[in-house]
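With the hints as constraints, model all of the structure from the sequences given.
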Amino acid sequence: MIPDKGTRHTRDAYAEALLELGEKDHRIVVMDADLAKSTQTERFKERFPERFIDCGVAEQNLMATAAGLAATGKIVFASSFAMFATGRAYDQVRNTIAYSCLNVKICASHGGITVGEDGSSHQALEDVALMRLIPGMKVVVPADYYEAREAVKTAAYVDGPFYIRLGRPKFPVLFDEGYRFQLGKALLLRPGKDVTILACGIMVYNSLVAADILAREGVEAEVLNVHTIKPLDEEAILASAAKTGRVVTCEDHSVLGGLGGAVAELLSEKLPVPLKRVGIQDRFGVSGGVEELMEHFGLTPEHVAEAARSLLRRSL
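For the sequence shown, the residue numbers in my numbering are 3 to 318.
Derived from the structure by calculation, the hints contain no laboratory data.
Bear in mind that the values here come from a model prediction, so they are computed numbers and not experimental data.
Treat the hints with care, since some could be wrong.
Once the Cα atoms are required to be at most 27 Å apart in a straight line, the calculated DSSO-like pairs of lysine-lysine come out as [said to hold, decoys possible]:
(1) Lys76 to Lys155
(2) Lys39 to Lys7
(3) Lys195 to Lys245
Quick look at the structure:
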């Protein structure tokens with residue numbers, strides 16, 4: 003059973019990390035696009051007003067200005083909703099930030115279907131795919147509060163652009179104060195021999211619950227937290243896939259181009275095994291409560307368990 007450690011916002015973790023970084027390093031600058039209350043960057047603004055810039059509802063200007071500041075030696079954290087940071091400002095992210103490999107860390111909140119009632123216009127289901135395609139961009143989707151906090155602190159001192167995807171709702175807490183984040187290293191959370199479940203973000207918890215469901219049926223599922231989508235931990239994924247011979251990917255994102263796409267590309271080239279991708283099946287989101295939407299789009303623990311069962315049935 004998974005220990006109940008409560009739930010916490012990953013965007014609160016972002017705020018805590020920024021305050022810690024800001025205290026220690028005067029190169030840290032934080033920028034937002036009229037969403038400081040939602041992204042929690044308002045806490046940095048209150049503590050360090052001289053190092054906070056609100057660009058208003060102008061995400062393209064936000065990214066271009068962030069690039070300019072980074073070019074002068076600043077370490078810039080640029081924040082907005084995931085839909086706007088990656089979609090509306092894609093040109094500036096690609097051509098102004100990433101092309102010059104600048105130290106802009108795009109930390110976008112409200113990613114995925116769990117944005118809920120705001121509906122399809124605000125539900126970024128393509129953001130990880132968009133960022134993963136940009137050369138040199140590092141892409142991280144934290145699973146809980148502690149992982150988000152440590153990922154942000156790590157990003158500050160790894161050269162080049164980052165995309166860190168945060169959520170709107172509270173995520174179940176999986177780790178604790180002693181957690182160490184390692185960029186590009188998938189984390190084995192549960193060993194198994196029958197099927198591999200690779201997950202990121204809020205789906206890590208759902209995958210662990212699914213593994214509990216499967217265990218009651220005599221199935222040993224191996225669960226890996228693939229928090230870094232780029233650079234992908236190919237070694238860990240291939241080792242687990244070789245052991246179990248079956249892989250399920252789980253993400254609160256389109257199955258095209260995100261974690262599922264990255265794993266499919268890897269396995270097709272280096273270790274072809276049966277694969278099932280749990281995620282949004284090439285469609286737009288809809289408005290609704292978080293639990294309602296997780297059920298509607300097939301992202302619940304039972305859906306993950308059924309994906310694993312479908313692979314097991316193939317070999318019977």
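Verification of the supplied hints:
Of the pairs offered as hints, the one joining Lys76 and Lys155 holds, with about 15 Å between alpha carbons and a cut-off of 27 Å not exceeded. For the hint pairing Lys39 with Lys7, the CA-to-CA distance comes to about 26 Å; that is within 27 Å, so the pair holds. In summary, the hint linking Lys195 to Lys245 is supported, as the alpha carbons are separated by about 6 Å, within the 27 Å threshold.
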